[in-house]
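Visitor: Position chain B against the provided structure of chain A, taking the given hints into account.
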Amino acid sequence: MAVHDNREFGQLFAAFTNADVTAAERVRLNELAGQDVGRRGAIAEVEAIHELLVVEASMRCEIMRPVEGAEEADESFGRMAKAAARAGEKMRANMLHPTTIRTFVQPKPSADAGRLRAWLYGAAVAAVLMIAVAIGMLLNNNGAPGLSGGKPGDEVLGEYISVTTQITDNSRELSWLEVKGAASYEVSILDASKAVVLGKTESRRRFTNWHLSTSDMTLLREHQGALFVTVVARDRAGETVGATREPERIEVK
Amino acid sequence: MKYPSSTLLGDRGTGPEDQLLVQGALRGDRASVDAVMRRLGCVVRFVYRLNRSMGYNMPTEGLEDVVQQVYLAVWPRLPDYAGTSALETWVYGFCRNCLRAEFRRRASRLRVVQTDDNLQDHTVDAPPPEERAVQMESLDLLHEELEQLTDGDREIVELRHLQDRSFEQIARQKNLPPSTIKDRCYRAVDKIRMRMKRRYGCA
Chain A
1 MAVHDNREFG QLFAAFTNAD VTAAERVRLN ELAGQDVGRR GAIAEVEAIH ELLVVEASMR
61 CEIMRPVEGA EEADESFGRM AKAAARAGEK MRANMLHPTT IRTFVQPKPS ADAGRLRAWL
121 YGAAVAAVLM IAVAIGMLLN NNGAPGLSGG KPGDEVLGEY ISVTTQITDN SRELSWLEVK
181 GAASYEVSIL DASKAVVLGK TESRRRFTNW HLSTSDMTLL REHQGALFVT VVARDRAGET
241 VGATREPERI EVK
Chain B
1001 MKYPSSTLLG DRGTGPEDQL LVQGALRGDR ASVDAVMRRL GCVVRFVYRL NRSMGYNMPT
1061 EGLEDVVQQV YLAVWPRLPD YAGTSALETW VYGFCRNCLR AEFRRRASRL RVVQTDDNLQ
1121 DHTVDAPPPE ERAVQMESLD LLHEELEQLT DGDREIVELR HLQDRSFEQI ARQKNLPPST
1181 IKDRCYRAVD KIRMRMKRRY GCA
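Residue numbers (this note's numbering), protein chains in the order written: chain A, 1 to 253; chain B, 1001 to 1203.
With the rest of the complex left out, here is chain A (with noise of 0.2 Å):
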């Protein structure tokens, strides 16, 4: 008889947790439950998972209804649409222009102790060579262009930097995502020319955007002609970590 009851409660323990079970069923359950304070406990717990689960199904029905007049007419809704549109923009110049990371692999070893033994000598002779060469090169070093040692593409070029491309009276910056390594930024915007209009060098690590003034608004509006930016991250060190591809051009609306 419990060996019954416990595989009939199990069976329907289980439909009734996947809300599947007719009235008749559910009468059965609570019958087999009886006074058990674990399989009343039980049941009790999934109508608590149940009716959360209808309220979030109503809550999530409510949140993701199409927007609506009075919503968009809010100030604080405009606000936050305006901060999405600058998020926006950084994620969809990250999409266009992908950062490329160029990264090393190291090769295993081989399992082979013998080969491993001679390819261990060979490396450690081939570092002596190049070491004697590197000596040469430095005390020999007439300034005459050389060949790297490196496979073509093996070289860490750092990050591209994608940079908005838009500044209007609403949103008068330049922003651009942060660049692993960075300590500082030279932001330039140039002419046609490549001279530069306005310029700004910041050495902070979080400064990824240029927030403009009304008198360089003024200036940038006056200009005649195209004009381009270009951004270039630098460690502390003061070497390139990063930079955009090439000048991008910038609208100003």
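Please keep in mind that the hints were generated in silico from the structure rather than gathered at the bench.
Values in this document were obtained by computation on a predicted structure and should not be read as measured data.
None of the hints are false.
With a Cα cut of at most 20 Å, we get these calculated SDA-like pairs of lysine to any residue: (1) B:K1182 - A:Q11; (2) B:K1197 - A:V37; (3) B:K1191 - A:E51; (4) B:K1191 - A:F13; (5) A:K82 - B:A1073; (6) B:K1182 - A:E47; (7) B:K1191 - A:R39; (8) A:K82 - B:D1034; (9) B:K1182 - A:T22; (10) B:K1197 - A:E51; (11) B:K1197 - A:G41; (12) B:K1197 - A:H50; (13) B:K1197 - A:R39; (14) B:K1191 - A:L12; (15) B:K1191 - A:A14; (16) B:K1191 - A:A19; (17) B:K1197 - A:A44; (18) B:K1182 - A:L29; (19) A:K82 - B:L1072; (20) B:K1182 - A:E25.
Among the chain A residues that face chain B by a calculated CB cut under 8 Å, a handful are: (21) A14; (22) E45; (23) R79; (24) A84.
Idealized CB from N, CA, C, for every residue including glycine.
Guide: Below, chain B without anything else, positioned relative to chain A:
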């Protein structure tokens, strides 16, 4: 995956179609990028409405931060989007998590500030009624537990319990036998029940 219009009116696409769209955008295809960006416009209304529905009542500057945080959170995760639900449904989870995190951050700051008698910071409006706050807290817990499930199990639970689909419909969609879907659905909800019981003493 077509959602009934009565449940997810905001969804325009289907999971697998949306996944293709996202993959195209990540390859830099301009039309796909434009489409994804249009679809992500849902972030504003989701955050705006969740703020009210959850009773957070955060000020606008906080909501602006949340909107930007959602974009920042979504961007690195886009390659992980598996298309098990429509893009908006996937983004909804980010909106909810970012809003909750910002609310908690502000609430903890408020608590710290309120201990100082000399300062009165009204970062967060008056707390919502007790009952509603408890319900919203429970919903947050449920949401956390749903996120703990595998993508496949969560999809089944959501289709069954949030979108009121029959097991036969889900089985056809997933190309699996109804008995398998029933079993997975039961195990997933039971896992939520057991975890909530362990964590909070009751479900």
